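Sequence lines, in order, name chains A and B.
Those letters in the first sequence? Residues 4 to 362, per my numbering, in order.
Those letters in the second sequence? Residues 4 to 362, per my numbering, in order.
It is possible that part of the hints are untrue.
Heads up, the list lumps identical chains together, so a pair's fine if it works in one copy or across two of them.
Calculated pairs, EDC-like style, for lysine to aspartate or glutamate (alpha carbon to alpha carbon, straight line, at most 20 Å) [said to hold, decoys possible]:
| no. | residue 1 | residue 2 |
| --- | --- | --- |
| 1 | 334 | 126 |
| 2 | 117 | 44 |
| 3 | 335 | 133 |
| 4 | 113 | 259 |
| 5 | 109 | 85 |
| 6 | 219 | 102 |
| 7 | 335 | 27 |
| 8 | 117 | 352 |
| 9 | 219 | 284 |
Because the hints were derived from the structure by calculation, they are not lab data.
Computed from a predicted structure; not experimentally measured.
2 protein chains.
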Amino acid sequence: MKHHVNFTPGPSQLFFTVPDHAREAFKTGIPSLSHRSKLFEEIVLETNSGLRELLNIPAGYEIYFTSSATEIWERLIQNLVEEKSFHFVNGSFSKRFYEIALQLNKRPLKWEVKEGEGFDGSEKIDQSTELIALTHNETSTGVSLPMSFIHQFRQQNPDALIAVDAVSSLPYPTFDFTKVDSVFFSVQKGFGLPAGLGVWIVNERCIAKAQQLLSKGMTIGSYHNIPTLKANAVKNQTPETPNVLGIYLLNQVVKDFLRRGIQTIRRETEYKAAILYQALDQHNLLNPFVKDKKFQSSTVIVADCQMHTERLTKHLQSKGLFPGDGYGTNKKTQLRFANFPAHSKEQFEFLVDSIAEFS
Amino acid sequence: MKHHVNFTPGPSQLFFTVPDHAREAFKTGIPSLSHRSKLFEEIVLETNSGLRELLNIPAGYEIYFTSSATEIWERLIQNLVEEKSFHFVNGSFSKRFYEIALQLNKRPLKWEVKEGEGFDGSEKIDQSTELIALTHNETSTGVSLPMSFIHQFRQQNPDALIAVDAVSSLPYPTFDFTKVDSVFFSVQKGFGLPAGLGVWIVNERCIAKAQQLLSKGMTIGSYHNIPTLKANAVKNQTPETPNVLGIYLLNQVVKDFLRRGIQTIRRETEYKAAILYQALDQHNLLNPFVKDKKFQSSTVIVADCQMHTERLTKHLQSKGLFPGDGYGTNKKTQLRFANFPAHSKEQFEFLVDSIAEFS
């Protein structure tokens, strides 16, 4: 295949081992594997163990598979909120999470800031809030919330559940799981896999809350409500026939990540982010869209390119480097660059050199 | 790979072209393809056109992608039922459809008969029923409902929506779409594909009903409610990042089926079913579980093997033929044989010879 690096923030570049893992899967009959078989249970068990090690997920937290992170937005509201969720909104995806709560006839509140901005900590959240919804990395704008911001809510709102959308940041961030109740992601971003699988981490407080809503006679969904997911997860199974191939591939990539080492992945992520932000800072025609360094995402880097957007896109594409468009109304003035484990240091160095020479 | 034919009713044997299509997909970057790209839209358009031709789906019926048929059970109840659905229950899967309506706090009714039986047409359905839920092929027992039975409800209950679960029968059956409002299936059965994709066909009456529930202030879900699915489908897109690889593979297999010809597929299905039922009828130790010929499924054939179950399984496995276990309480006394397009005439002839020599 021709040299071609996909920097779109998702679906993104596949991790380089994935095509071989897929070939092996077809060779060994994985796509025909029954989701009630011993071998499937072993794959689920291995995937869970691998994710626990990679992301340092403690005991008392369970891992469920869904079809997407979009589905998890819905399941999370459905299972964990009777009435009141509180959403930090600073872009299209955090907003969509809020809107799903509206669509499910809850009474969500939001604290909204302009695109490209973070939050200053002055937001007051009512003590009756059941769920605080945080988007660690706003894929539409490249704003990332500092860990200290995410971790402060446990103390401020001890009764609320704290849920973190880490769709376009994991496996990079290091969450303190004692400070969050649910974290979720989809595999086509940082894990470099084909789309079609979401991973939902919940703790016992989430499980208890879903049970509580159910015992009040509320509907919390059916096959993918938390009690049903849990009843199947204890057997290393899933309620429905899932994306078996997707789970198999996730297992393989998690093993590859563990072999490389999460610290190496994190260090490389920071190196790649640093050289790209530096290139944007130093460029005459380009700027980082996110000005405040403490909110600059390490995993989705957004360049403000204004009238040069189309020309820069063509320049990069001519070198086999495919940036993501700006999101929504910023489609014609910004470019987005995913910085995932699938993107090598060499590819980022070539990207940075190619940007530097653009004039 | 060693000769190995998977007769489990799903996930089942892959259609023989699928590994090559998957290889091509990885070679051409399909797993990294953006679901907002032109190429993705073209794939969706082609898949829809192919399915319309293959299944003779008329104008006025739309095709939506979900993650599984299990999801469609939920979405269907959520979008199309305010209170009353009526379910024909004759096994585990038709029962699960009914139970999902209960979990969504509707007031479903059911007409239930024993496993292995069909319905005699004496069932009266109240005219206030909003949705009649039919399972064309009960995968747990191998009972198939005659087309005449399915097609009668339009006249008897003109106001009700009629939904048909065709999970383990399509592409074999020929539905008269003027007599049904929604049909759905998942791809890991008759389409011989890896699991992780459901296909939901709905007509304008379904769309209008979902809109009506929404305008009453009811929640009909979020990203996969019918209005959102429709708004994306008109652009040949999906609301969320879907199983792009799964949709691509479905498109390729539908083209393969069209090349072979649906009439050929149907004729071969009937031939293969006939020789297997004959072998079971003529065998000293074995019987078809479904006695009444008019209810015998052509696509999932269940053998009543009693105390010979384990020995027959071993006998067949020694020849590379892998039957499916009986379902639920029938696990130790029955075997299930999928008869999908992926199963060739030659494989069925070998299966039948192997059963005939078993004693």
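Now the hints, each set against the structure:
1. 334 - 126: Neither. Shortest intra-copy (30 Å) and inter-copy (57 Å) distances fail the 20 Å Cα cut-off.
2. 117 - 44: Intra 45 Å, inter 31 Å, cutoff 20 Å: neither.
3. 335 - 133: Close neither inside one copy (39 Å) nor across copies (47 Å); limit 20 Å.
4. 113 - 259: Result: close neither inside a copy nor across copies, 39 Å intra and 50 Å inter.
5. 109 - 85: both (7 Å within a copy, 19 Å between copies)
6. 219 - 102: Intra 24 Å, inter 18 Å, cutoff 20 Å: inter-copy only.
7. 335 - 27: Classified as neither: same-chain Cα gap 41 Å, cross-chain 32 Å, threshold 20 Å.
8. 117 - 352: neither (31 Å within a copy, 67 Å between copies)
9. 219 - 284: neither (55 Å within a copy, 53 Å between copies)
Going through the hint list in order, the structure does not satisfy hints 1, 2, 3, 4, 7, 8 and 9.
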